[in-house]
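Q: Use the sequences and the hints to build the structure in full.
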Amino acid sequence: MDISKTRYKRCDLYKVSGRVDSFTAPRMAEALAGSISEGRYKIVLDFFDVEYVSSAGLRVMIDVQKTCKPHSGELLLVGIPKRIYETLELAGFVPLFRFFDDVTAAVADF
Amino acid sequence: MNRKGIFQANLENLDKISKFINTICVEAGLDESTTYKVQLSVDEACSNIIEHGYFSSTEENRIIECECKFNGNELTIRLHDYGSPFNPRVLPNPELSPILEERGSGGLGFFFIKQFMDVVEYKYISKSNAGKNMNKYGNYLTLVKRMGI
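The listed protein sequences correspond, in order, to chains A and P. The opening residue of the first sequence carries number 1291 in the working numbering; numbering runs sequentially from there. The opening residue of the second sequence carries number 85 in the working numbering; numbering runs sequentially from there.
Mixed in with the good hints there might be a few duds.
[Unchecked claim] Listed below are the simulated SDA-like cross-link pairs for lysine to any residue, each with C-alpha atoms no more than 25 Å apart in a straight line:
| id | chain 1 | residue 1 | chain 2 | residue 2 |
| --- | --- | --- | --- | --- |
| 1 | A | Lys1332 | P | Ile183 |
| 2 | A | Lys1305 | P | Asn97 |
| 3 | A | Lys1372 | P | Gly190 |
| 4 | A | Lys1372 | P | Thr119 |
| 5 | A | Lys1359 | P | Gly188 |
| 6 | P | Lys198 | A | Arg1309 |
| 7 | P | Lys198 | P | Pro182 |
| 8 | A | Lys1372 | P | Lys88 |
| 9 | P | Lys100 | A | Pro1371 |
| 10 | A | Lys1295 | A | Phe1400 |
| 11 | P | Lys103 | A | Arg1317 |
| 12 | P | Lys103 | A | Glu1376 |
| 13 | A | Lys1372 | P | Val228 |
| 14 | A | Lys1305 | A | Gly1363 |
| 15 | A | Lys1372 | P | Gly113 |
| 16 | P | Lys88 | P | Tyr206 |
| 17 | A | Lys1372 | P | Ser117 |
| 18 | A | Lys1356 | P | Glu186 |
| 19 | A | Lys1356 | A | Leu1386 |
| 20 | A | Lys1372 | P | Arg230 |
| 21 | P | Lys100 | A | Pro1316 |
| 22 | A | Lys1372 | P | Tyr206 |
| 23 | A | Lys1372 | P | Phe195 |
| 24 | P | Lys100 | A | Phe1313 |
| 25 | P | Lys100 | A | Asp1292 |
| 26 | A | Lys1356 | P | Gly188 |
| 27 | P | Lys100 | A | Phe1338 |
| 28 | P | Lys198 | A | Tyr1304 |
| 29 | A | Lys1295 | P | Lys88 |
| 30 | P | Lys103 | A | Lys1299 |
| 31 | P | Lys100 | A | Arg1317 |
| 32 | P | Lys100 | A | Ser1294 |
| 33 | A | Lys1372 | P | Thr107 |
| 34 | P | Lys198 | A | Lys1332 |
| 35 | P | Lys198 | A | Arg1373 |
| 36 | P | Lys100 | A | Gly1308 |
| 37 | P | Lys100 | P | Glu158 |
| 38 | A | Lys1372 | P | Lys103 |
| 39 | P | Lys103 | A | Asp1292 |
| 40 | P | Lys100 | A | Lys1359 |
Treat the hints as calculated values from the structure; they're not laboratory data.
A: So, in structure tokens, the structure goes:
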């Protein structure tokens, strides 16, 4: 898994690629915690190039969403591949997140 | 088709295990969506073995044996480890509340396995019941995916 961060005026964008599993999910959590520790609760997660997300990755997503929402922030999800979206649906995540097809629209939403 | 892979029980190896399963699914002619579901199920099971089964165990032989059989209709994957006994059947289903504040973040791994695989069987053989073949003890988790379902 690779993760890179772009800082925008109103939000932070993280581009993730590769596999998010029990080995790599802690690194994603650590990266996102960087924004939270600075009081930046508006976060965009770009998953276009993610091949695989296990429950460990989903756990990070829900924990970040729970942390951000009470601070008028949100975790927005972009470019979730179809097979990963199916697991999010099964996990009941769809009502808990907003999904975007492109990064520009998600960043502009904040 | 009959294949066996033996992996050291480290989280780092989840990628390797996933590639092994992927090769088997492709060889068995599974479509992309089914392959993903089988990979995810095996990955969740192995994560659990590594993070829980071996975590609380003093066992020195920290490996996961993965045996795969395909008979044209069914893909059977049997995972064998020497960690602490762990019966996934006793796990409660996760809370899937649509209200964020009520959402727990755990329990999804085995929920996915139960949703994605057609058969999930578990047995534990204790050292005292393993008989002469001492390598037989441990947890056995059998996952079956049927074709065309």
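Q: For every hint, state whether the structure bears it out.
A: Hints, verified against the model:
Restraint check: the Cα-Cα separation between Lys1332 of chain A and Ile183 of chain P comes to about 20 Å, which is no more than 25 Å; the hinted pair holds. A distance of roughly 24 Å separates the Cα atoms of Lys1305 of chain A and Asn97 of chain P; the hinted pair therefore holds under the 25 Å criterion. Taken as a hint, the Lys1372 of chain A and Gly190 of chain P pair is honoured in the structure, with Cα atoms around 23 Å apart against an allowance of 25 Å. As the CA atoms of Lys1372 of chain A and Thr119 of chain P are separated by approximately 14 Å, the hinted pair is consistent with the 25 Å bound.
Note on Lys1359 of chain A and Gly188 of chain P: the hinted pairing holds, with a Cα-Cα distance of about 15 Å set against a maximum of 25 Å. For the hint pairing Lys198 of chain P with Arg1309 of chain A, the CA-to-CA distance comes to about 22 Å; that is within 25 Å, so the pair holds. Pair hint Lys198 of chain P plus Pro182 of chain P holds up; C-alpha atoms about 21 Å apart against a cutoff of 25 Å. With a CA separation close to 31 Å, the supplied pair Lys1372 of chain A and Lys88 of chain P exceeds the 25 Å bound.
Note on Lys100 of chain P and Pro1371 of chain A: the hinted pairing holds, with a Cα-Cα distance of about 22 Å set against a maximum of 25 Å. About 17 Å separates the Cα atoms of Lys1295 of chain A and Phe1400 of chain A, which keeps this hinted pair within 25 Å; it holds. Proximity of Lys103 of chain P to Arg1317 of chain A is assessed by CA-CA distance (about 21 Å); at most 25 Å being required, the pair is judged to hold. A hinted pair counts as satisfied when its Cα atoms are at most 25 Å apart, and Lys103 of chain P with Glu1376 of chain A qualifies at roughly 21 Å.
At roughly 24 Å between alpha-carbon atoms, Lys1372 of chain A and Val228 of chain P fall within 25 Å of each other, so this suggested pair holds. A C-alpha spacing of about 18 Å is found between Lys1305 of chain A and Gly1363 of chain A, which places the hinted pair at or below 25 Å, so the restraint holds. Distance restraint check for Lys1372 of chain A and Gly113 of chain P: the Cα-Cα separation of roughly 20 Å lies within the 25 Å cut-off, and the hinted pair is therefore satisfied. This hinted pair checks out: Lys88 of chain P and Tyr206 of chain P have alpha carbons roughly 19 Å apart, not beyond 25 Å.
At most 25 Å may separate the alpha-carbon atoms for a hinted pair to count; Lys1372 of chain A and Ser117 of chain P meet this at roughly 9 Å. Using a Cα cut-off of 25 Å, the hinted pair Lys1356 of chain A and Glu186 of chain P holds, with the two alpha carbons roughly 10 Å apart. Restraint check: the Cα-Cα separation between Lys1356 of chain A and Leu1386 of chain A comes to about 10 Å, which is no more than 25 Å; the hinted pair holds. Taken as a hint, the Lys1372 of chain A and Arg230 of chain P pair is honoured in the structure, with Cα atoms around 22 Å apart against an allowance of 25 Å.
Among the hinted pairs, Lys100 of chain P with Pro1316 of chain A is consistent with the structure: their alpha-carbon atoms are about 18 Å apart, no more than 25 Å. Between Lys1372 of chain A and Tyr206 of chain P the alpha-carbon distance is near 31 Å, which puts this suggested pair outside the 25 Å criterion. Between Lys1372 of chain A and Phe195 of chain P the CA atoms are separated by roughly 19 Å; this keeps the pair inside 25 Å, and the hint holds. For a cut-off of 25 Å, the pair hint linking Lys100 of chain P to Phe1313 of chain A stands: about 12 Å separates their Cα positions.
A C-alpha spacing of about 17 Å is found between Lys100 of chain P and Asp1292 of chain A, which places the hinted pair at or below 25 Å, so the restraint holds. Restraint check: the Cα-Cα separation between Lys1356 of chain A and Gly188 of chain P comes to about 10 Å, which is no more than 25 Å; the hinted pair holds. For the hint linking Lys100 of chain P to Phe1338 of chain A, the alpha-carbon distance of about 22 Å falls within 25 Å, and the restraint holds. Restraint check: the Cα-Cα separation between Lys198 of chain P and Tyr1304 of chain A comes to about 32 Å, which exceeds 25 Å; the hinted pair is violated.
Distance restraint check for Lys1295 of chain A and Lys88 of chain P: the Cα-Cα separation of roughly 40 Å exceeds the 25 Å cut-off, and the hinted pair is therefore not satisfied. Between Lys103 of chain P and Lys1299 of chain A, the direct Cα distance comes to roughly 40 Å. Violation of the 25 Å bound is thereby established for this hinted pair. Only pairs whose Cα atoms come within 25 Å are accepted, and Lys100 of chain P paired with Arg1317 of chain A is accepted, the gap being roughly 19 Å. A C-alpha spacing of about 24 Å is found between Lys100 of chain P and Ser1294 of chain A, which places the hinted pair at or below 25 Å, so the restraint holds.
Between the alpha carbons of Lys1372 of chain A and Thr107 of chain P the distance comes to roughly 21 Å, so the proposed pair stays at or under 25 Å and holds. Pair hint Lys198 of chain P plus Lys1332 of chain A does not hold up; C-alpha atoms about 35 Å apart against a cutoff of 25 Å. Taking the CA atoms of Lys198 of chain P and Arg1373 of chain A, the gap is about 17 Å. The hint holds against a cut of 25 Å. Under the criterion of a C-alpha separation no larger than 25 Å, the hint pairing Lys100 of chain P with Gly1308 of chain A is consistent with the structure, at around 13 Å.
Under the criterion of a C-alpha separation no larger than 25 Å, the hint pairing Lys100 of chain P with Glu158 of chain P is consistent with the structure, at around 23 Å. In summary, the hint linking Lys1372 of chain A to Lys103 of chain P is supported, as the alpha carbons are separated by about 20 Å, within the 25 Å threshold. For the hint linking Lys103 of chain P to Asp1292 of chain A, the alpha-carbon distance of about 18 Å falls within 25 Å, and the restraint holds. Of the supplied pair hints, the one linking Lys100 of chain P and Lys1359 of chain A is violated, its CA atoms being roughly 36 Å apart against a limit of 25 Å.
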